[in-house]
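Asker: Sequences listed follow chains U and V, in order.
Mapping the first sequence onto the working numbering, position 55 (from 1) lands on 55, and the numbers just tick up by one.
In the working numbering, each residue carries its 1-based index in the second sequence increased by 280.
These are computed hints drawn from the structure, not numbers from a lab.
Careful, some of the hints might be misleading.
Partial list, computed: chain V residues near chain U (C-beta under 7 Å) [said to hold, decoys possible]:
#1 Ala-306
#2 Pro-589
#3 Leu-614
#4 Pro-638
#5 Leu-654
#6 Leu-722
#7 Leu-733
#8 Arg-734
#9 Lys-742
Take a look, some chain V residues computed to stay more than 10 Å from chain U by CB distance [to be verified]:
#10 Ala-303
#11 Ser-448
#12 Leu-529
#13 Ser-581
#14 Ser-582
#15 Arg-583
#16 Asp-610
#17 Arg-692
#18 Ala-693
#19 Pro-730
Covered stretches of chain V (in silico footprint by chain U; criterion: 3 or more residues with CB under 8 Å from a CB of chain U, positions within the stretch not fixed) [said to hold, decoys possible]:
#20 320-330
#21 625-635
#22 723-729
Cβ coordinates follow ideal geometry from the N, Cα and C atoms, glycine included.
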Amino acid sequence: MSANATLVASVVERVVTPLVVGGTLRPVKPIGEARALGANVERGEVETADLDVARADAARRLAPINGLAPLGRGEWLLACALNDLLQVHNSSLDDEDAARLLSLADRTLSHAGPPSTASDALVRFATFRRLPELVRDDIDVISGTSTRTFRGGVPPRRLVVMPELRGVRVATRRVPLGRFADDHDGKGPWLQVLGRLLAATPLVDVFSAARVAPRFVWSGTAVAMVAVAPARSLMLRAARGASDVGATLGALRSAAENLQESVKAELVLPFIDDLATLST
Amino acid sequence: MVLGARGLVLFASLDRLATFLAAYSAGHGLAALAPTFRIHVLRSPLNVSEISLSFDAGSSDRMDSIADAAKLAGGLLFTGTARHFVEYRSAAAPFGWDAVDLAAEPAALVLYHSTFEQPYAVEREVEVRRFVLRLEPRPDPALRGAARLLLAEPGVGPALVRTLVRSSIEARVAVLDFPTSSDVVPEPDRKWLFEVPELPERMRIFRSSLPGVASFVPVAPRAAVEEGFSHPLTLESFPFFHAGAPLVLFWGRRTPLEIAPGFSFTDVRALVRIAVGEGRPRAATRASIPESLRATLRLVSSRRSNSRPTAAFIPTSELPLLRLLAYVLDRTTLTTTRVFFASDGAYLIAERPLTSIPLGSWFEACAPAIFVPLGKDLVPRVSPETLATALGAEANGVTFFFPEGRVVSVDRAHAVTLDAALVEGVSWASVPGRDFDVEVPLWPSVRLEPLGLRPLSRARAKDSS
Numbered sequence: 001m002s003a004n005a006t007l008v009a010s011v012v013e014r015v016v017t018p019l020v021v022g023g024t025l026r027p028v029k030p031i032g033e034a035r036a037l038g039a040n041v042e043r044g045e046v047e048t049a050d051l052d053v054a055r056a057d058a059a060r061r062l063a064p065i066n067g068l069a070p071l072g073r074g075e076w077l078l079a080c081a082l083n084d085l086l087q088v089h090n091s092s093l094d095d096e097d098a099a100r101l102l103s104l105a106d107r108t109l110s111h112a113g114p115p116s117t118a119s120d121a122l123v124r125f126a127t128f129r130r131l132p133e134l135v136r137d138d139i140d141v142i143s144g145t146s147t148r149t150f151r152g153g154v155p156p157r158r159l160v161v162m163p164e165l166r167g168v169r170v171a172t173r174r175v176p177l178g179r180f181a182d183d184h185d186g187k188g189p190w191l192q193v194l195g196r197l198l199a200a201t202p203l204v205d206v207f208s209a210a211r212v213a214p215r216f217v218w219s220g221t222a223v224a225m226v227a228v229a230p231a232r233s234l235m236l237r238a239a240r241g242a243s244d245v246g247a248t249l250g251a252l253r254s255a256a257e258n259l260q261e262s263v264k265a266e267l268v269l270p271f272i273d274d275l276a277t278l279s280t
Numbered sequence: 281m282v283l284g285a286r287g288l289v290l291f292a293s294l295d296r297l298a299t300f301l302a303a304y305s306a307g308h309g310l311a312a313l314a315p316t317f318r319i320h321v322l323r324s325p326l327n328v329s330e331i332s333l334s335f336d337a338g339s340s341d342r343m344d345s346i347a348d349a350a351k352l353a354g355g356l357l358f359t360g361t362a363r364h365f366v367e368y369r370s371a372a373a374p375f376g377w378d379a380v381d382l383a384a385e386p387a388a389l390v391l392y393h394s395t396f397e398q399p400y401a402v403e404r405e406v407e408v409r410r411f412v413l414r415l416e417p418r419p420d421p422a423l424r425g426a427a428r429l430l431l432a433e434p435g436v437g438p439a440l441v442r443t444l445v446r447s448s449i450e451a452r453v454a455v456l457d458f459p460t461s462s463d464v465v466p467e468p469d470r471k472w473l474f475e476v477p478e479l480p481e482r483m484r485i486f487r488s489s490l491p492g493v494a495s496f497v498p499v500a501p502r503a504a505v506e507e508g509f510s511h512p513l514t515l516e517s518f519p520f521f522h523a524g525a526p527l528v529l530f531w532g533r534r535t536p537l538e539i540a541p542g543f544s545f546t547d548v549r550a551l552v553r554i555a556v557g558e559g560r561p562r563a564a565t566r567a568s569i570p571e572s573l574r575a576t577l578r579l580v581s582s583r584r585s586n587s588r589p590t591a592a593f594i595p596t597s598e599l600p601l602l603r604l605l606a607y608v609l610d611r612t613t614l615t616t617t618r619v620f621f622a623s624d625g626a627y628l629i630a631e632r633p634l635t636s637i638p639l640g641s642w643f644e645a646c647a648p649a650i651f652v653p654l655g656k657d658l659v660p661r662v663s664p665e666t667l668a669t670a671l672g673a674e675a676n677g678v679t680f681f682f683p684e685g686r687v688v689s690v691d692r693a694h695a696v697t698l699d700a701a702l703v704e705g706v707s708w709a710s711v712p713g714r715d716f717d718v719e720v721p722l723w724p725s726v727r728l729e730p731l732g733l734r735p736l737s738r739a740r741a742k743d744s745s
């Protein structure tokens, strides 16, 4: 198996599959823009039968489809970007490396671009529907007045051995995706890249519009989706699938305030009104 | 070379003859030679008794090999035709010997040796087979093979049958009657003979130490020697211990037992008594299915690639959209789709895929009148009849399994066509619902592993070198 095929297999197995099916994501070593672009996920060297079933299952929440296209280049680049975005908070990286990796993730993301069709959007939704559900278990090792946090990792055994004797306390916090960067210096830029990742998957974006961070904004892709009839139906179904449709409506309306008046009046507000009508 | 039609070996006694037969039969088959054997007890003019064994000479090769065995047993080998026999060739006379003058005495047998010339009278003839049967086996504890013949007294036989069957030992048995040797008891002497092709080591008690049971080791197709003994001759070489001959059991210290051919063995399993109980077989009483066996129905993701959404559930909130959609639906869809209105929404059942009504949740039929969410399967995959019985569905019922773990049954009789529903008022009906198991997906979580030295060594931008 070539290096590229190995990379594809690792990302599919360790990142994409747990994201779709559920379980523990174990991001691979930082990929970077060059390797992400160099790999060819469409060559079909990776067995994705289980993954395809789960993706089709997710897509059927929005559309009556019999099957779904296998992982494509757009999804691959988004997955690589997500891998690097998650690795930004790895305790092995210093601040300089973290900033560089965030920049690489953003560049990878830019190559993915927005979905070109409603079908493409549905495919991305099938793969990244559970992205907003992602959590990370951060472990705080508290010793006296100092606290050392291991983001998503297991602290070295030497730090936690015989905790009573050494006065060490270990606390685990489950952190939602929007708060991954809360104790990180580069919180703002990280959330911006995450926002761009969500914008590249507009159905997921509107599905999770009620999230705390990054706040929902009407991206050009999202507006384009509500402007086209088939895609608009998918957007409606995605928004109605949110756990709290009322909060989703609030987030959509709030975000609409920043749009041009014409776009807001002709495209976005009718969509929000239809959503409100269907949800009452 | 001098070679007559017959050969003759002269022995001083019968035990020398036995030694000769033991030596020769150990290395040579006697199938052709033994039928020509003649054993005579000879008497010389000096009234000395000697033994002769005569046979067809056949060839010089046969005579040479017999000469070797005769030397071992202390016998003298002669060759001749009827009455006159000359010494067979030796190292001193490679081409043999001949008599200068024939003896004039009217003896039955005259032997011409290089050192003597002797006439003999034949006292009597000894049958070869009888002579072999008279030879006593000698103690020999060495075991040869696992096959055994077990000779059991009548009182032990049935118990032995049960033991062999219970121990799963393959065996055949025959019941034999021997002429009684007692003047008091007129009944024949009965024995049970077992043929055991392979007696396991764990059953070695049968070999020697079980009272009433004697064990014999087969040494030829029709000859066996008592356990712990061996016959001085290689019996397998003699033709009268092969198929068609009587079976001979050689006791270690007793006269051999001859069993005439014609008896037949029977598989011991056929003799085990089959107990027939009184009355009719007892019928098992019906009990309720134990809880531990009951499996809850579950919905799992399907691998089918030909899902057809032929049913849909449209919640009440989406019914206005259905009304709007009705204006663009084709007539076939309107007339062939049946709808059942319930308090929580409308259940649509169609003959064709309902892709023209992109509302609500789609369902597909996993069995007649049983619908599951599109892309799902119901497990265990029981028959529709079993499922309907388990759910308590009515004859006209149509059952919908929902992804969130709810199952609803609607009455087909209350369903109307979609076109009728759109132009007429249809009363609402409540439907019974119940819960069942659904798959709970795992929560996706992130674990970051140490990246080691130079964590970004392979992560580069596209335009960097």
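Asker: State for each hint whether it applies.
Answerer: Structure-based check of all given hints:
1. The closest approach between the C-beta of Ala-306 of chain V and any C-beta of chain U is roughly 70 Å, which is over the 7 Å cut-off, so the hint fails.
2. With its C-beta approaching chain U no nearer than about 4 Å, Pro-589 of chain V sits inside the 7 Å limit, and its interface hint holds.
3. Because the smallest distance between the Cβ of Leu-614 of chain V and any Cβ of chain U comes to about 19 Å, over 7 Å, the interface hint for this residue is violated.
4. Contact between Pro-638 of chain V and chain U, as hinted, is supported at the beta carbon level, the nearest pair being about 6 Å apart and thus within 7 Å.
5. Interface restraint check: Leu-654 of chain V against chain U, minimum CB-CB distance 5 Å, threshold 7 Å, status holds.
6. Contact between Leu-722 of chain V and chain U, as hinted, is supported at the beta carbon level, the nearest pair being about 3 Å apart and thus within 7 Å.
7. Taken as an interface hint, Leu-733 of chain V does not check out: its beta carbon lies about 9 Å from the nearest beta carbon of chain U, beyond 7 Å.
8. Annotation: Arg-734 of chain V was flagged as interfacial toward chain U, and the flag is violated, the nearest CB pair being 9 Å apart, outside 7 Å.
9. Hint on Lys-742 of chain V holds. Least Cβ distance to chain U is approximately 5 Å, under the 7 Å limit.
10. No beta-carbon of chain U is positioned within 10 Å of the beta-carbon of Ala-303 of chain V; the least distance is around 76 Å.
11. Against the 10 Å criterion, Ser-448 of chain V stays outside the reach of chain U, whose nearest CB is about 49 Å from its own CB.
12. Every beta carbon of chain U lies more than 10 Å from that of Leu-529 of chain V, the smallest distance being close to 72 Å; the non-interface claim holds.
13. Interface exclusion of Ser-581 of chain V from chain U breaks down, the closest Cβ pair being 5 Å apart, not more than 10 Å.
14. Interface exclusion of Ser-582 of chain V from chain U breaks down, the closest Cβ pair being 8 Å apart, not more than 10 Å.
15. The beta carbon of Arg-583 of chain V sits about 6 Å from the closest Cβ of chain U, which is not more than 10 Å, so the claim that it is off the interface is violated.
16. The Cβ of Asp-610 of chain V sits about 17 Å from the closest Cβ of chain U, beyond the 10 Å cut-off, so the non-interface label holds.
17. In this structure Arg-692 of chain V is separated from chain U by more than 10 Å, as the shortest Cβ-Cβ distance comes to about 23 Å.
18. Remark: the non-interface label on Ala-693 of chain V is consistent with the geometry, its nearest Cβ contact in chain U lying 27 Å away (cut-off 10 Å).
19. With a cut of 10 Å on Cβ distances, Pro-730 of chain V falls inside the contact zone with chain U, its closest approach being about 5 Å.
20. Figure legend: the segment 320-330 of chain V, annotated as covered by chain U; annotation inconsistent (0 residues with Cβ-Cβ distances under 8 Å, at least 3 required).
21. Residues of the segment 625-635 of chain V with a Cβ under 8 Å from some Cβ of chain U number 3, which satisfies the need for three, so the listed coverage holds.
22. Under the rule that three or more residues need a Cβ within less than 8 Å of chain U, the assignment of the segment 723-729 of chain V holds, with 7 such residues.
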